[in-house]
Amino acid sequence: MSNWKTRYEAHKADVDTIMGRELGWWGKRKAKKDPNNLTEQRKAAILQAEAASRLYQPQNIIGTTSAIGQKPTVYYRTMSGTFGHITQEHKIPENVGRENPGKHPLYTATNTGKGGVLEEKIGNKVIHTSRNQFQPFDPMASNASNILTAHMRNPGLKQVSNPDVHEKVIKRLKKGYYG
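All residue numbers for the sequence shown refer to the numbering used here, where the first residue is 1 and numbers rise by one.
These are calculated hints, taken from the structure and not from any lab test.
Errors might be hidden in some of the hints.
[As the list claims (entries may be wrong)] As a list, the in silico DSSO-like pairs of lysine-lysine whose alpha-carbon atoms are at most 27 Å apart:
id: 1; residue 1: 12; residue 2: 33
id: 2; residue 1: 114; residue 2: 91
id: 3; residue 1: 103; residue 2: 125
id: 4; residue 1: 43; residue 2: 91
id: 5; residue 1: 171; residue 2: 114
id: 6; residue 1: 91; residue 2: 33
id: 7; residue 1: 91; residue 2: 174
id: 8; residue 1: 12; residue 2: 30
[To be verified] Label-pair distances were calculated between CB atoms; the ranges are:
id: 9; residue 1: 33; residue 2: 107; range: 12 to 20 Å
id: 10; residue 1: 115; residue 2: 32; range: 50 to 58 Å
id: 11; residue 1: 176; residue 2: 129; range: 18 to 26 Å
id: 12; residue 1: 152; residue 2: 24; range: 17 to 25 Å
id: 13; residue 1: 110; residue 2: 12; range: 33 to 41 Å
id: 14; residue 1: 92; residue 2: 148; range: 22 to 30 Å
id: 15; residue 1: 53; residue 2: 139; range: 20 to 28 Å
id: 16; residue 1: 143; residue 2: 36; range: 42 to 50 Å
id: 17; residue 1: 124; residue 2: 33; range: 48 to 56 Å
id: 18; residue 1: 24; residue 2: 115; range: 41 to 49 Å
id: 19; residue 1: 32; residue 2: 139; range: 45 to 53 Å
id: 20; residue 1: 141; residue 2: 9; range: 36 to 44 Å
A virtual CB, placed ideally from N, CA and C, is assigned to each residue, including glycine.
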């Protein structure tokens with residue numbers, strides 16, 4: 001396996017989003033002397049970014065949600081249980097992109113929300129409620145090519161993956177900025 005600095009460079013945009021900042025001057029200097037000398041937090045962010053890269057592939061698509069005339073949100077799950085989704089269209093621009101992947105043996109995605117919309121749960125705890133109903137992926141559907149290429153059109157993690165951006169979005173929502 002390659003060193004941490006090389007792995008960071010391969011997933012720089014996502015790692016920086018997760019961390020909320022780029023690798024600083026001192027970190028770059030330390031990594032130049034020893035490519036494995038990154039902080040534990042940055043190493044954890046690299047592992048998250050690598051998991052996202054493995055998850056968001058066509059073979060892991062399980063289904064979609066979308067309103068009529070809207071680009072679908074595409075849901076993914078691997079055989080090992082890693083899950084996530086790519087939001088392609090949302091009124092909050094920072095919420096467009098790849099969700100930070102999760103992994104839990106009790107994860108489910110079912111249409112049990114109010115009005116029959118998708119709820120993602122871990123056990124009985126709802127972790128995400130969609131605006132629409134979940135549709136299992138049909139590779140023969142007319143929009144299959146749009147679904148299969150979602151990962152190429154949305155290569156980065158959502159900006160709301162960054163805790164600082166998430167906090168700003170919550171404040172804007174409370175003030176009614178997004179309608």
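C-beta pair residue 53, residue 139: status relative to the range 20 to 28 Å that was hinted: At 22 Å between Cβs, range holds.
Quick one, are residue 12 and residue 33 close enough, alpha carbons at most 27 Å? This hinted pair holds, its Cα atoms lying about 19 Å apart.
With respect to the beta-carbon atoms only, verify the hint that residue 124 and residue 33 lie 48 to 56 Å apart. At 49 Å between Cβs, range holds.
Range hint 33 to 41 Å (beta carbons of residue 110 and residue 12) holds or violated: 36 Å, holds
Note whether the CB distance of residue 152 and residue 24 lies within 17 to 25 Å or breaks it. 31 Å, violated
Within 12 to 20 Å: is that where the Cβ-Cβ distance between residue 33 and residue 107 falls? Since the Cβ atoms of residue 33 and residue 107 sit about 41 Å apart, the hinted range of 12 to 20 Å is violated.
Pair hint residue 91 and residue 174, alpha-carbon separation not exceeding 27 Å: The given pair, whose Cα atoms are some 15 Å apart, holds under the 27 Å limit.
Do the Cβ positions of residue 32 and residue 139 conform to the proposed distance bound of 45 to 53 Å? Because 46 Å falls inside the window, the suggested range holds.
Take a quick look at whether residue 171 and residue 114 sit within 27 Å of each other, Cα to Cα. Status holds; Cα separation ~25 Å.
Assuming the hint says 36 to 44 Å, is it satisfied by the Cβ distance from residue 141 to residue 9 or not? 38 Å, holds
Hint says 22 to 30 Å; check whether the CB-CB distance for residue 92 and residue 148 agrees. At 25 Å between Cβs, range holds.
Straight-line alpha-carbon gap residue 103 to residue 125, limit 27 Å: 14 Å, holds
Hint compliance for this structure: hints 4, 6, 9, 12 are not met, and every other hint is.
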